[in-house]
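In case you want the letters, here they are:
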Amino acid sequence: MKIKEVIAVINLMQADGVIECYAIGGAVGATFYLEPVATLDVDIFVSFRTEPGKLIVDPQRMFDYLTSHGHSLKGEYVMIADWPVQFLPPTSPLVEEALREAVTVDVEGQPARVFTAEHLAAIALQTGRAKDKARLLQFVQAGALDAMRFETILTGHNLLDRWRKFEQQFLSDTP
Amino acid sequence: MSLDLQRILASKRALRRELAALPVAEKLRLLDELRERELTIRRSARPPTSNVVREHSARYPAKGT
Numbered sequence: 001m002k003i004k005e006v007i008a009v010i011n012l013m014q015a016d017g018v019i020e021c022y023a024i025g026g027a028v029g030a031t032f033y034l035e036p037v038a039t040l041d042v043d044i045f046v047s048f049r050t051e052p053g054k055l056i057v058d059p060q061r062m063f064d065y066l067t068s069h070g071h072s073l074k075g076e077y078v079m080i081a082d083w084p085v086q087f088l089p090p091t092s093p094l095v096e097e098a099l100r101e102a103v104t105v106d107v108e109g110q111p112a113r114v115f116t117a118e119h120l121a122a123i124a125l126q127t128g129r130a131k132d133k134a135r136l137l138q139f140v141q142a143g144a145l146d147a148m149r150f151e152t153i154l155t156g157h158n159l160l161d162r163w164r165k166f167e168q169q170f171l172s173d174t175p
Numbered sequence: 176m177s178l179d180l181q182r183i184l185a186s187k188r189a190l191r192r193e194l195a196a197l198p199v200a201e202k203l204r205l206l207d208e209l210r211e212r213e214l215t216i217r218r219s220a221r222p223p224t225s226n227v228v229r230e231h232s233a234r235y236p237a238k239g240t
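Here the protein sequences come in this chain order: A and B.
So for the first sequence, our numbering puts the first residue at 1; every next one is plus one.
So for the second sequence, our numbering puts the first residue at 176; every next one is plus one.
Hints listed in this document are in silico derivations from the structure and should not be mistaken for laboratory results.
It is possible that part of the hints are untrue.
Lysine-lysine pairs mimicking DSSO-like chemistry, simulated, CA-CA at most 30 angstroms apart [unchecked claim]:
#1 K187/B to K74/A
#2 K165/A to K74/A
#3 K187/B to K165/A
#4 K74/A to K4/A
#5 K187/B to K131/A
#6 K2/A to K133/A
#7 K4/A to K187/B
#8 K165/A to K131/A
#9 K187/B to K133/A
#10 K74/A to K133/A
#11 K74/A to K131/A
#12 K165/A to K133/A
#13 K2/A to K165/A
#14 K4/A to K165/A
#15 K4/A to K133/A
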């Protein structure tokens with residue numbers, strides 16, 4: 001399984017101290033909770049330890065590490081086991097929280113850190129593209145979200161209004 | 176087998192539930208296969224013209240927005 005190879009490489013990066021922690025997001029992350037949906041890339045959210053004396057995190061060490069381990073760079077992607085992998089820094093307080101509260105799932109004996117379903121759904125709501133709305137709808141229809149946890153996240157990140165709008169648009173019988 | 180739309184939709188929902196309930200490793204294996212299929216379809220599709228409607232939105236919001 002190629003995705004499992006990707007996860008193994010990320011775990012090794014963490015063990016070698018190249019990244020502080022990671023979590024799988026995007027469509028691959030959603031697959032841990034929903035039916036698989038075709039996707040072309042893997043989104044890995046990462047945090048780094050800041051080096052002493054430096055305030056800005058430099059991802060160059062990570063890219064150097066990956067290329068030295070035989071993985072090629074292709075634009076914004078790193079090719080790992082034939083999958084284009086995109087490493088993303090947490091770009092909002094919501095994603096920072098999602099990274100902190102990610103859960104570890106066993107994949108045939110290998111740990112994989114993945115965003116919770118509620119965080120994936122909240123990020124989809126915040127990002128708001130058509131495919132994000134479709135994914136959010138999948139989470140709702142699959143009954144994959146804990147209502148209390150989801151509402152707590154939405155409240156904490158000022159997403160309740162957006163959620164009400166989404167509910168009205170996609171989950172209400174009346175237009 | 177029938178052409179009853181309600182039954183067809185119900186069977187689609189059931190299939191999605193079955194797929195979602197598969198072990199994670201099995202679902203990740205399916206992702207590998209789905210990607211291969213997607214790439215094959217894209218390779219055989221016509222290249223997009225510049226005159227098409229596109230969605231314009233930020234991939235992930237910038238910090239503090």
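Results of checking the hints against the structure:
| no. | hint | verdict |
| --- | --- | --- |
| 1 | K187/B to K74/A | violated (37 angstroms) |
| 2 | K165/A to K74/A | violated (38 angstroms) |
| 3 | K187/B to K165/A | holds (27 angstroms) |
| 4 | K74/A to K4/A | holds (20 angstroms) |
| 5 | K187/B to K131/A | holds (20 angstroms) |
| 6 | K2/A to K133/A | holds (28 angstroms) |
| 7 | K4/A to K187/B | holds (28 angstroms) |
| 8 | K165/A to K131/A | holds (17 angstroms) |
| 9 | K187/B to K133/A | holds (20 angstroms) |
| 10 | K74/A to K133/A | holds (28 angstroms) |
| 11 | K74/A to K131/A | holds (24 angstroms) |
| 12 | K165/A to K133/A | holds (12 angstroms) |
| 13 | K2/A to K165/A | violated (39 angstroms) |
| 14 | K4/A to K165/A | violated (38 angstroms) |
| 15 | K4/A to K133/A | holds (27 angstroms) |
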